[in-house]
Amino acid sequence: MSELILHPDRLFPAEESVRGIARRLYAEVKDLPIVSPHGHTDPSWFADNQPFDSAADLLIKPDHYVFRMLYSLGVPLESLGVPTVDGTEVETDGRKIWQTFAKHYTAFRGTPSRMWLDHVFKDVFGFEKALSAATADDYYDGINAALQTPEFLPRALFDRFKIEWLATTESPLNDLRHHQKIRESGWKGNVITAYRPDPVVDPDFEGFASNVAYLGKITGEDTSNWEGYLAALRNRREYFKAHGATSTDHGHPTAVTADLSRPEIETLFAKALAGKCSAAEAELFRGQILTEMAGMSLEDGLVMQIHPGSFRNHNPKLFARYGRDKGADIPSQTEYVNALKPLLDKYGNEPNLTIILFTLDETVYSRELAPLAGHYPALKLGPSWWFHDSPEGMRRFREQVTETAGFYNTVGFNDDTRAFLSIPARHDVARRMDCGFLAKLVSEHRLQEDEAREVAIDLTYNLVKQAYKLD
Amino acid sequence: MSELILHPDRLFPAEESVRGIARRLYAEVKDLPIVSPHGHTDPSWFADNQPFDSAADLLIKPDHYVFRMLYSLGVPLESLGVPTVDGTEVETDGRKIWQTFAKHYTAFRGTPSRMWLDHVFKDVFGFEKALSAATADDYYDGINAALQTPEFLPRALFDRFKIEWLATTESPLNDLRHHQKIRESGWKGNVITAYRPDPVVDPDFEGFASNVAYLGKITGEDTSNWEGYLAALRNRREYFKAHGATSTDHGHPTAVTADLSRPEIETLFAKALAGKCSAAEAELFRGQILTEMAGMSLEDGLVMQIHPGSFRNHNPKLFARYGRDKGADIPSQTEYVNALKPLLDKYGNEPNLTIILFTLDETVYSRELAPLAGHYPALKLGPSWWFHDSPEGMRRFREQVTETAGFYNTVGFNDDTRAFLSIPARHDVARRMDCGFLAKLVSEHRLQEDEAREVAIDLTYNLVKQAYKLD
Amino acid sequence: MSELILHPDRLFPAEESVRGIARRLYAEVKDLPIVSPHGHTDPSWFADNQPFDSAADLLIKPDHYVFRMLYSLGVPLESLGVPTVDGTEVETDGRKIWQTFAKHYTAFRGTPSRMWLDHVFKDVFGFEKALSAATADDYYDGINAALQTPEFLPRALFDRFKIEWLATTESPLNDLRHHQKIRESGWKGNVITAYRPDPVVDPDFEGFASNVAYLGKITGEDTSNWEGYLAALRNRREYFKAHGATSTDHGHPTAVTADLSRPEIETLFAKALAGKCSAAEAELFRGQILTEMAGMSLEDGLVMQIHPGSFRNHNPKLFARYGRDKGADIPSQTEYVNALKPLLDKYGNEPNLTIILFTLDETVYSRELAPLAGHYPALKLGPSWWFHDSPEGMRRFREQVTETAGFYNTVGFNDDTRAFLSIPARHDVARRMDCGFLAKLVSEHRLQEDEAREVAIDLTYNLVKQAYKLD
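Residue numbers (the working numbering), protein chains in the order written: chain P, 1 to 471; chain W, 1 to 471; chain S, 1 to 471.
Heads up, none of these hints are tricks.
Derived list of chain W stretches under chain P, where covered just means 3 residues or more per stretch with a C-beta under 8 Å from a C-beta of chain P:
id : stretch
1  : 14-24
2  : 362-375
3  : 397-403
4  : 437-443
Simulated from the structure, these hints should not be mistaken for lab results. Computed from a predicted structure; not experimentally measured. For every residue, glycine included, the Cβ atom is placed at its ideal position computed from N, Cα and C.
Pulled out of the complex, with its shape left as it was, chain P reads as follows:
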């Protein structure tokens, strides 16, 4: 059985003089608090502070990074306990699921999942041997036992992870009861929400019209007309702000924005409510919403995040059997220069507006995003996202963005995860990669080491707090 090693120099460039610089820079940032302004953890964990479920429930079933890879290599999702929509039976024996996972753990060689998992195994749970078929049972038993101890309760882990801010993501229809409970509990952890309006602004979302009607009900606005609908959206933004939100988030298929005339948008809204939008009209409606949201952000100060470019639920058979978020979201080419123009024409020059752009299409880093963010006061660049939340993905991001947009048009790291235990691992990877990138600049005399130290701290801590207004 191999040792499980988290080498102190991991991810640093191999050349000794560069590595030395990276080590020194990393020493300055490794213990800084974690600021996690965008993610998908479950607020009930921190509200209720109950023990997490078993190893399989915690680390496999909900992690589409993990089960999509096994699925791609022929492992049935049933054998991993992924629940079916119609309740058809799947594996329920957590130990068997864990063994299947362990047997195929080599599939993750060279992937970030492997690094995150090993980090969790060693640093959170204290394992000394690598995961394999031979150690599967030890792991399963060890993790399950640990999860029952007070040290592994959600709030204890939150403190142990030195998380200073953690944002979850909720729909405007959510009553934020868990966040309410957290606030009322007297616990000091900064768990805040973020406003993700897709269910009430995307005509293609399941139940859009009834969602909009419900939005009207909870806000007391008449959401059957455009004016009332906007008022309701605005109303919920205030509600979210009152529960700590500092940002909104928008996950559209494309980056299209629009700035339509009032009659055009009213017609479009009526069609959307009636379920009669064509694909192009739905796109246009979502585009109009982005511009409206930018306008509201200028009023209420919420930071706006745009996450475009995912072809959701690409695999219809999988979707029918297992539902959403099962690893069948595939990126596609995404255009920003023309797509964002209507919004930018209206609000791009506002220095008090912050719009953070993300992409799954790396070809736009140097061609579109860096030039846009290196010009428009309202634009900042979010970190490398999703499939690119990885060592090589981060390296390409810095290499392709920095020369045109600099460091100060970027906003630090997002972990964007529902895998709570992996949060320290993910932030650690980002810190190491940033320090490695800066060390290279220093070693090539493109930056002085004292400057690099300042930048490392900014990238780790200051920029995210400024950009997301966390203070």
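Chain P is fixed; fit chains W and S onto it per the hints.
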């Protein structure tokens, strides 16, 4: 005259500790047999086992990598002996052709052709001085003399190169007589065919209708109707399988697939036979064929390869004068996420189907191909292809694919060459680059060295045999 | 206050053995004369040889690399003295402008602007401390004082910079009086013009029709008909040649070319003059012009440069307030393989024609540009351009282009700048990056060091002189 040096550390990263790891990994794989599952060598070489022609005939005239580069720098193709379609005279003096080539050999600095050729010169022919105008005659005479010796007969080289499997590529209309002769000869070399149906499935192919008619003739099927046509295609797949084929190959302008209704496809087929398809209809027909072929692969087990994205014969004057395959095939942007959807909707979840995707458009590695292959059980990724069959091309492939798809959704190396003598050189480059990539992961503590050793062997030998069912 | 350090090893790879090779290669090229075949300096500087204006006027107000970055971070352009179209007041106190710039100098960390500026500060002006708020006044006073000395007059700097050739860029409507004055002055500096016909060939250019009429006036041709228009364009090419021009330059939104029938083009030309072209027709007209220009280049030997892919004046509010060239030009996706085909079908095989292609879209390096230039005799690749005129941009260019197109289908470096003082800095960055790239090839035994030395000299000096016919 400079020494001709094949340095034992070539292509390994320069940093000494990384290079040390790369050396150790390479030592494990350098002597493994060559498995070449996709290429364009001529089976008659192995059937007849006659001496190769002269240096110019063997190494220059048929190698479009070589003559396109010289042509781009102003060297007329006539002076390189490239034959014209209408028989207009070209240089026939092999020595003069070779001298022209030698004089311009500096053009290849920094290219893979240069590495392959030097490898052939030193390792296959034993030259000690670098090729230049000064050594041109020595080379010409030396190569020609060697080619007349028994050691340089095709089968002798096959054995010397330690080739375990070599696939050629043939049209369904080919009678496979050379493969037949090889099998009947008692020689033990595994030379097999692959099924490349472009001439009978692409309405834009020269002579499509008569090709389809001939297909009917040799199979005894009525290929004037869709059902009979499919039966004939299926029939030839069986014939190819009987001659060792384990794969099919499809070289389309795009990755478009289709899943049309029966009436639609029958109408389209009739138009195709009548030569009346528009460009879009021809595309749709080819797309339907890909889906049909995937279905047949599920039945008969042939592995399916898709090679899209080349704009063939981009230069009409060159095409008129010299014909096909003269270096004027230019890649163009290629989309996979929407294009493959009809096929994937139908067959993407089949764990017993293997579809290997290639691309000439590197922008899709991280954006489309890795996420697709990292999800769909039926998909695997072919190695970096053609213009990207090069050290930097291979490095980008691993860097952009591995984090999302892992190593085990890839299939090892393809040399894809008609330049038989360069096969060991090409496989050696791939092995070195993979070991260098793995060494970097090890040196950055992203992988343990014992794991990297396993992966290196898998990438070199095991994955290709599994993916292409060679055993 | 930090030291201002221009480290002798800057930009070289950190690994000591590679760095050693890079140093040796760079020693061969660092003192070679500067050949600058494409740029935007003002010929009146060299004609009149008057002192440059103050630090702010010279280094900030005209440099959109500088002020766009500060603007993106919320610094108003007014505070940087950027003049408004309508004369609305902006900051005029050069010292205050300089202080604002100095205070935000950290914004440029990691950017090429930072490297160029530091090079100018240290090497041209002799500063020993880094620029910061604390040193702002010393810089401002020191630069202004220096600019009044004879050593800082334009011709003195030209000689000190060892510039062998410097091309400016002018419209065909320009009378080239400054170039005339330079020639008549007896000064030996090779300052030549280049023919940039956008104002008279782009129907979307402000004042196109009146520009064309004026073109008729100065050439004595009837530019109201196509034949006369072509004659006038040809006439001005001769005029530019007589003033030293060896090249033309074409800055189109896309790479589209066309080869229309005579009636089609005459109809289109009439529409263009009447201001009635649709966007698509204007595009087609520009495309026809590119093909016409290629034909004229074949006749008169002027080298043709194509710079496509910039979305000019993306920010309408900024454009209305400050006018053109204020940093709001954003690249967009650019296609070459289909776009260039009409021109290439006609002229691509001409070995005596030189067309130099540039791009702002790096995705085409390996996919389109290198395969095209690695085949067509008429095509060469310009260096990494604009946002990619940077260390990482240059590295990606070489890594993605060399393996397919080699070194000898490229044309050395362009500084493309109006910032005269930065010319040595920019060429120095290119030389260092090329030497670093070559050193890596040598260290990985992909090239011998004596070959690399030849290539380094070719990339620095010989290729640009050959490609631009400067001798």
